[in-house]
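Full structure from sequences and hints, please.
Number of protein chains: 6
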Amino acid sequence: MTFERSGRRAADQLRPVRITRGYTMHAEGSVLIEFGQTRVLCTASVEERVPPHRRGTGAGWVTAEYGMLPRATHTRSDREAARGKQTGRTQEIQRLIGRSLRAVFDLAALGERTIHLDCDVLQADGGTRTAAITGAWVAAHDAVATLLASGKLAASPLTGAVAAVSVGMVQGAPLLDLEYTEDVACDTDMNVVMTGTGHYVEVQGTAEGAAFSRPELDALLSLAEAGIADLIALQRQALAIV
Amino acid sequence: MTFERSGRRAADQLRPVRITRGYTMHAEGSVLIEFGQTRVLCTASVEERVPPHRRGTGAGWVTAEYGMLPRATHTRSDREAARGKQTGRTQEIQRLIGRSLRAVFDLAALGERTIHLDCDVLQADGGTRTAAITGAWVAAHDAVATLLASGKLAASPLTGAVAAVSVGMVQGAPLLDLEYTEDVACDTDMNVVMTGTGHYVEVQGTAEGAAFSRPELDALLSLAEAGIADLIALQRQALAIV
Amino acid sequence: MTFERSGRRAADQLRPVRITRGYTMHAEGSVLIEFGQTRVLCTASVEERVPPHRRGTGAGWVTAEYGMLPRATHTRSDREAARGKQTGRTQEIQRLIGRSLRAVFDLAALGERTIHLDCDVLQADGGTRTAAITGAWVAAHDAVATLLASGKLAASPLTGAVAAVSVGMVQGAPLLDLEYTEDVACDTDMNVVMTGTGHYVEVQGTAEGAAFSRPELDALLSLAEAGIADLIALQRQALAIV
Amino acid sequence: MTFERSGRRAADQLRPVRITRGYTMHAEGSVLIEFGQTRVLCTASVEERVPPHRRGTGAGWVTAEYGMLPRATHTRSDREAARGKQTGRTQEIQRLIGRSLRAVFDLAALGERTIHLDCDVLQADGGTRTAAITGAWVAAHDAVATLLASGKLAASPLTGAVAAVSVGMVQGAPLLDLEYTEDVACDTDMNVVMTGTGHYVEVQGTAEGAAFSRPELDALLSLAEAGIADLIALQRQALAIV
Amino acid sequence: MTFERSGRRAADQLRPVRITRGYTMHAEGSVLIEFGQTRVLCTASVEERVPPHRRGTGAGWVTAEYGMLPRATHTRSDREAARGKQTGRTQEIQRLIGRSLRAVFDLAALGERTIHLDCDVLQADGGTRTAAITGAWVAAHDAVATLLASGKLAASPLTGAVAAVSVGMVQGAPLLDLEYTEDVACDTDMNVVMTGTGHYVEVQGTAEGAAFSRPELDALLSLAEAGIADLIALQRQALAIV
Amino acid sequence: MTFERSGRRAADQLRPVRITRGYTMHAEGSVLIEFGQTRVLCTASVEERVPPHRRGTGAGWVTAEYGMLPRATHTRSDREAARGKQTGRTQEIQRLIGRSLRAVFDLAALGERTIHLDCDVLQADGGTRTAAITGAWVAAHDAVATLLASGKLAASPLTGAVAAVSVGMVQGAPLLDLEYTEDVACDTDMNVVMTGTGHYVEVQGTAEGAAFSRPELDALLSLAEAGIADLIALQRQALAIV
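Chains as they are written, first to last, in UniProt numbering: chain A, 1 to 242; chain B, 1 to 242; chain C, 1 to 242; chain D, 1 to 242; chain E, 1 to 242; chain F, 1 to 242.
Treat the hints loosely; a few may be bogus.
Listed next, the in silico SDA-like pairs over lysine to any residue satisfying Cα-Cα at most 25 Å (straight line) [said to hold, decoys possible]:
1. B:K85 x C:A154
2. B:K85 x C:T87
3. D:K85 x A:R95
4. F:K85 x C:T90
5. B:K152 x B:G88
6. A:K85 x D:G160
7. A:K85 x D:E92
8. F:K85 x B:K152
9. D:K85 x F:A82
10. D:K85 x B:G88
11. E:K85 x B:G88
12. E:K85 x C:D106
13. E:K152 x E:I241
14. D:K85 x F:T181
15. D:K85 x A:G88
16. E:K85 x C:A149
17. E:K85 x A:R95
18. F:K85 x F:E112
19. F:K85 x D:A219
20. A:K85 x E:K152
21. E:K85 x E:T75
22. E:K85 x F:R54
Computed Cβ-Cβ distance ranges for the label pairs, DEER-style [to be verified]:
23. E:R89 x F:D106: 41 to 51 Å
24. D:R54 x E:R54: 20 to 30 Å
25. A:A219 x D:E208: 20 to 30 Å
Treat the hints as calculated values from the structure; they're not laboratory data. We treat Cβ as the ideally placed atom computed from N, Cα and C, and that holds for glycine.
What follows is the structure, given as structure tokens:
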């Protein structure tokens, strides 16, 4: 007997994904990405300088910050700004988003400027970090387009696409793109980040319950690979890149 | 010669106001309020306990927190959670929202529970605090409706409506509901909070440039009074209260 | 029947105000101001540089900090330095003092230097923020005199006087200059800051209990106007300006 | 041509591993673990209570903290206690250690007590987090032995062993147990945590340079599996478990 | 040739000491103590509970906090509340004051209550910590008198008097009660705290310049002993204890 | 009847002292010092720049930081990095270590560079601060030797040796070099820091129980003097300085 997914979703099926560009007006890139009920606002802001450790190198920087509105979740969580610090989870996620995006940037080609990716979760239903990475890439692409249009850059520093998805073992079955109730029920939770050419940028698998075997790991990786290919197609479609 | 407002708006005219209830799914009340390009997400969360200073009193509490997404503004501002503290401006605003909402709550009638109002600015174009108060009231109303529907409350602890608007002297003329470019240009900026019965809850006027005279103050107060009456009508309409 | 004020004070009467210049020896301006039992030490310190956001502008800066000794109040309050942060109330007050003083400074004429106004409450009995503004102006005037005397400035950057007073509705009657027991009992509390020419710099009215009407607001504003005129006369007298 | 490892180490060879039990005298478990020049002191402290979120559940808790002495590294790094906060890297590592150890604990069988694992790096040469996990398990085992000996526990709450190792692609070759110079040179860095029964607890792979392919990932996983089997044998040997 | 002290003060002479009781009105004990130009406000506040580590012991607690107004000194120093933490110097001083006062308290006889001693420097000219200890004892005495008068205590928990003074080697000569310019010039600075019966509570000597010899140490101790005897006489006189 | 010391140690006898140089490999000086069961790792790190307040003076700086591993003690204490701040005790100790070492440095001769002394307690059994000072001097000596060997310095900026020991009155008897159980039992605890020429750098005596008399103080000072002479001989022996 297998786990019944909401909306009769198949084990290897993504939730409906919507990518809305230009969601807010000030940022160089502003994307609302939805993975089912999960909604993350990803903005890309260009700053014409780099952090101290990059100054004078001629190369740029890409960095990310992540936040969750206090009532994005079932029960209200404390506001990090009021608590006076970010949780370990938040820091872990924003470091992951930053590394993932830098993996597809030629920082030297970006020049001495920073792209800040702010990923704020308006509504959470599982998979916020993978939605953030997937949406942030679209926002970054729009920000780069702005730089190209203004003549500040002659060629794109983007070396390809990047997207992410979660996979997990729930009641013995590998499932793609976990929503919250599945995330809670799963034994193994894995976040996979891949490029448009099918290479891995990050693989983070965690046994929440029972430890997992190599065949289970292999099944999850294959599931993720297919899901990410779909997400990258959706990113291109949103950007109208043929 | 007078100041030309964007979209040929009259001096005593509000920007288009939109109130969207149920904007996110988890909160007991969730309202997106828009004053023109200013967009604030106001959620009301019910917690079945009160802060330490209220415990054992039998009475409840209503409190507010305010935040601005880093790229809600023209240039990106630091994320308060990353800086490790809220600015004085943020604290001032959230204290104002909290006082304003408590002014229309019978806390004893609420019982020993807390309503948290989270006001997060998704996009800023002036008037975020007044939009927040106006939207938070609708969210609070929805949260109260949830409590009434579930039988946790027998009668509403709300004693009336509350709404807020900004007014200011720009180039010698009193203007209602300032947008960002007007806010920057104004000599006097005033935020007014009033109840549905036309009484004042808060009046906060500040001379940004030249100090202001009593006649100017009187003109601004009259302008605000009319604007708030319109906002309260819009709140009722959104709630379908005849 | 009306509220009986301590010492048979009339509704429109200030508490005895004492202004002691040169209260401490190191600061360029050092004033102990007393509004009845409220005692605030206001020092003005000149620093020959400006904060980062003013550098290179040629213009100066005036800023304020506010503090309350732990046992300035009826019951001891936590020391903010030990708690590791200033309360929202403290930040609100020091921002108010800073804005009020800047309203009477020509910052360009001050040159690239900062005047720090430190307002520390030694004993509190209501009206500490209004006493602080009133005293800080005298301290600032003394600091400016030092700059003039030393030849660092050729002309005063002060464009006029500024003073502040609280007013409130207590048991239906408008009262001037509330002391602590009145502050606790009042329905509406308003702090008004005005210049020597009778213009408003700040008006901050808050309904603590019942919301207030326009006639009540008008009565409070008139009361404040007369009180501030008296305070400005006392400032001039303390400075021996005819 | 392949990468020349220091000391003519083979690609699939661990550095010399030493496990010294009873390294300090106060802790219930105290282990110095050395992976070559990397030295981490792992102590296990038993506390007879649990954190708030576990109280009243009857179950226990296992948690970890990680630190690095300021001059454990080539150049001195800031002391986190003096900076006033732990870095994101530190938090990420200590969360990983905690999850890894909890994977082999039956928390209900532990009873309402906490085991704190403190992993402090005395000297760093790559692989500090994997050494920490491997050593912390031995320290935890000793702490459990203390609880068994004192009669506080009748049966061990440990469900098995856990150990960890790093693997990485350096100049196209998969290498086991990276030392610092290899870590800096690698394109892909992966930390793998496995149980004594050969199941995965955590897999964390990151492309530092080029993204990695599925065959590379497979090679790294196989390399790690063999290395961890060796480490688990060394743990048992240190504990004299046949 | 010897160091010329200001006001032709002799090497073994205290500065004029003034002790003003009842300096502020709210605290159970409130003393302004002046050692020459050094002025410290010492308040003693009684709280009817003890910190967590003393609860249920039946015994009380005495603790101190120390602060310096930003412009108590020649050049303005940062406000610790604004910086968000107390300096190491501040913490060292307040720990010293607390230990010194506890040395003359029978905490069991105090009962489960806390006496908070707040020592705030209004004006600094050297010797602020020794003035603080000396003044805090008088404030504590007044607070105890309040407890006795109200019947909360039947007998005084004070076991004697305590006072403190600084001594130092300046240009080869031992001097009593250093003022700021002497403190800056001295090679050795020592703070001595003694009881009314001539026993030592604290001796803290520091070589600021050259290390000091045993004979120098002996001379300084003798100088301090005489000075403290004088201070204790002044404390008794202020309290009108024959 | 006198206090029985562990291991039949005489009242004027040091615990076995071991000084291990080169304990870790990265630091310019790295010393493990043991006073009996107390073990402190002291590293000296050279940084080729000075803190802001020394810049441009041509002179160098010597500074210390102190830490205790969470389970260096009988019961685990909170990790300061996790709590987000150093305790007052930690700050007091690291300030003492810094002052003590600067007392034997000619900072001008050091040139514009900083020596950071990190003293981390691996195991605590009383006397950690005095062990830290004694060990830090050896580490500093090694760091200076590195600077001399590399030609960065032509002559040593060290002006002599410095060492420290604790002494205390336990049950009426003066004891040298207190271990933890003695420290807990003592009435007076004194830390003494002296140079190789027998001069005092710091004397810090505290009455933990009864205040102490001048003869007691004298006895403690004499005991410390002899102990420090022994420690300095051990330092020289460790450095093989005849």
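Is the straight-line distance between the alpha-carbon of A:K85 and that of D:G160 25 Å or less? Between A:K85 and D:G160 the Cα gap is close to 36 Å, so the pair fails against 25 Å, i.e. violated.
Please work out if E:K85 and E:T75 have their alpha carbons no farther apart than 25 Å. holds (20 Å)
CA of D:K85 to CA of F:T181, is that 25 Å or under? violated (33 Å)
Check whether the Cα positions of F:K85 and B:K152 lie no farther apart than 25 Å. violated (44 Å)
Hint check: D:K85 vs F:A82, CA-CA at most 25 Å. Holds or violated? Given that 25 Å is the threshold and the Cα spacing comes to 7 Å, the pair holds.
Quickly compare the C-alpha distance for A:K85 and D:E92 to 25 Å and report which way the hint goes. holds (15 Å)
CB-CB spacing for F:D106 and E:R89 relative to the 41 to 51 Å hint: Given about 25 Å between the Cβ atoms, the range is violated.
Could you grab the alpha-carbon distance between E:K85 and F:R54 and see if it respects the 25 Å cut-off? holds (23 Å)
Tell me if the beta carbons of D:R54 and E:R54 are separated by a distance inside 20 to 30 Å. holds (27 Å)
Sort out whether D:A219 lies within 25 Å of F:K85, counting only the CA atoms. Status violated; Cα separation ~44 Å.
Is the hinted pair B:K152 and B:G88 satisfied, with a Cα-Cα distance of at most 25 Å? This hinted pair is violated, its Cα atoms lying about 37 Å apart.
Assess, step by step, whether the Cα of E:K85 is no farther than 25 Å from the Cα of C:A149, and give holds or violated. Violated, at about 37 Å.
Comparing the model with each numbered hint stated earlier shows that hints 1, 5, 6, 8, 12, 14, 16, 17, 18, 19, 20, 23 do not hold.
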